[in-house]
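Participant: Here the structure of chain A is known, so what remains is to put chain B in place on it, guided by the hints.
Protein chains: 2
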Amino acid sequence: MEFFAVLDSQRALRRFRSDPVELRDLRRVLEAATRAPSARGAEPWVFVVVRDPALRAEIGRRYRAAWDEGQRFTRATDADRDVRTAAHYDRMMRAAAELAHSLHEAPVLIVCGLDHARLGPLAAPDGSLRAPAAAYASIFPAVQNLLLAARALGLGTTLTTLHRTFEAELKTLLALPDHVEVAALVPLGWPRDRFGPTRRRPVGEVAALDRWGTPLPERD
Amino acid sequence: MEFFAVLDSQRALRRFRSDPVELRDLRRVLEAATRAPSARGAEPWVFVVVRDPALRAEIGRRYRAAWDEGQRFTRATDADRDVRTAAHYDRMMRAAAELAHSLHEAPVLIVCGLDHARLGPLAAPDGSLRAPAAAYASIFPAVQNLLLAARALGLGTTLTTLHRTFEAELKTLLALPDHVEVAALVPLGWPRDRFGPTRRRPVGEVAALDRWGTPLPERD
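Chains as they are written, first to last, in numbering that gives the first Met the number 0: chain A, 0 to 219; chain B, 0 to 219.
Derived by calculation from the structure, the hints in this document are not laboratory data. Do not take every clue at face value.
Unchecked claim - Cβ-Cβ distance ranges computed for the label pairs, FRET-style:
1. A:214 / B:213: 51 to 61 Å
2. B:51 / A:50: 47 to 57 Å
3. A:123 / B:123: 16 to 26 Å
4. B:123 / A:191: 34 to 44 Å
5. A:125 / B:213: 27 to 37 Å
6. B:100 / A:88: 42 to 52 Å
7. B:176 / A:201: 14 to 24 Å
As the list claims (entries may be wrong) - Not close to chain B: a few residues of chain A, all C-beta gaps over 10 Å, as computed:
8. 56
9. 60
10. 68
11. 97
12. 106
13. 193
Given the structure is predicted, the values throughout are model-derived calculations rather than measurements. A virtual CB, placed ideally from N, CA and C, is assigned to each residue, including glycine.
Bound-form chain A, shown alone (with noise of 0.2 Å):
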């Protein structure tokens, strides 16, 4: 596919049908993901494909247990600053509470971590990072990429971070070392529904030239 053609399609995708995903395809995508750049060239990402269902069943059950949860504290955080008077607002939390429920039907589990080992300076040996933009910059491209490559293969995903809630459980689920962060949790599978076009903000109003406020010009 062309390029931009992948990129402006690219959507949360969160129903999927039952067929299987070829590990060649899975690889495929890791392999994308990993052509992504990471702070001084370390690589920090380790990536486990979950597709065994008992596992799958496990992370479902706590995921779905989080977004209860969540939902509760979004409910009673969010009165201002908030996108709950979005367009897309509704509709989205409506998907995001169906896969909430149906996690463990997405045949492809994939769980994407920082490996702080190889941070250096950007971590600290307690566990903590030390410059957390930097060390986050090191994962989610790496993630992204992952994305778009699925979509470039006509794969769903959606990111989700939902799992922090229950990140220890999740790590010993899947006997991912201390070291390892989860940055993200991402199901993936043959969707159900159509990739975009997606909608977004017009360029104009999130971007500005030299200033903030000064209106970006449409051409020289």
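Facilitator: Below, chain B alone, put in the same frame as chain A:
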């Protein structure tokens, strides 16, 4: 360009020709950035396209000072747990040092901001992040889209985060409001060096099936 041809050849390019970059191309690259996913569809990104030579000189001066300071810190903390012995390291660090002393020569600096005011429950009113991974997962995929789209157009970039040490001054220079955190600074221009293919650790080293330590087979 074909999607995987872009993805597999995107790499950090840090030396630029002085030729100007047209606003039309810059807008296409920024539009690509906005196609990224974000938590709750909040699109919490802002971009400042810095072309003004005086501003670039100011930023470049601070960047060089931050680099010199960072080198001292890195040398003091890196002894273990690091990539300093990796084959790519010396070459990469020479290129990064060269960039640190010539940043102002990049015809464009794209300042990528994370707007806390759009993060709802992920951000606290005091400017801290309640859910850093989810927050950075809502900006670095956009930055990666930007790098990839630039490569698709033949434009060179590199993702940097060294501005963190002079972020307050940078925000003043660019008139960015308090609630915007600068997540990345991306120099951009027509490159003097070539795109990849990139070399990375093989998938077999960084991925596992179901549990860490279980090799991912080549095929089903």
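Participant: Confirm or reject each hint.
Facilitator: Now for the hints, and whether the structure bears them out:
At roughly 54 Å, the beta carbons of residue 214 of chain A and residue 213 of chain B sit within the given window of 51 to 61 Å. In this structure, residue 51 of chain B and residue 50 of chain A meet the distance hint of 47 to 57 Å, their C-beta atoms being roughly 52 Å apart. Residue 123 of chain A and residue 123 of chain B have their C-beta atoms about 22 Å apart, which keeps the hinted 16 to 26 Å range intact. Checked against the given bound of 34 to 44 Å, the beta carbons of residue 123 of chain B and residue 191 of chain A, roughly 37 Å apart, stay inside it.
With their beta carbons about 29 Å apart, residue 125 of chain A and residue 213 of chain B fall inside the hinted range of 27 to 37 Å. At about 47 Å, the CB distance of residue 100 of chain B to residue 88 of chain A agrees with the hint of 42 to 52 Å. Taking the beta carbon of each, residue 176 of chain B and residue 201 of chain A are about 20 Å apart, inside 14 to 24 Å as hinted. Under the 10 Å C-beta cut-off, the non-interface status given to residue 56 of chain A relative to chain B holds; the minimum distance is some 13 Å.
With a least CB separation of 17 Å from chain B, residue 60 of chain A remains clear of the 10 Å interface cut-off, as annotated. For residue 68 of chain A, the non-interface assignment is confirmed: its Cβ lies about 12 Å from the closest Cβ of chain B, beyond the 10 Å cut-off. For residue 97 of chain A, the shortest C-beta to C-beta distance to chain B comes to about 15 Å, beyond the 10 Å cut-off, and the non-interface label holds. A cut-off of 10 Å between C-beta atoms confirms that residue 106 of chain A is not in contact with chain B; the least separation is 12 Å.
For residue 193 of chain A, the non-interface assignment is confirmed: its Cβ lies about 16 Å from the closest Cβ of chain B, beyond the 10 Å cut-off.
Comparing the model with each earlier hint shows no violations; every hint is respected.
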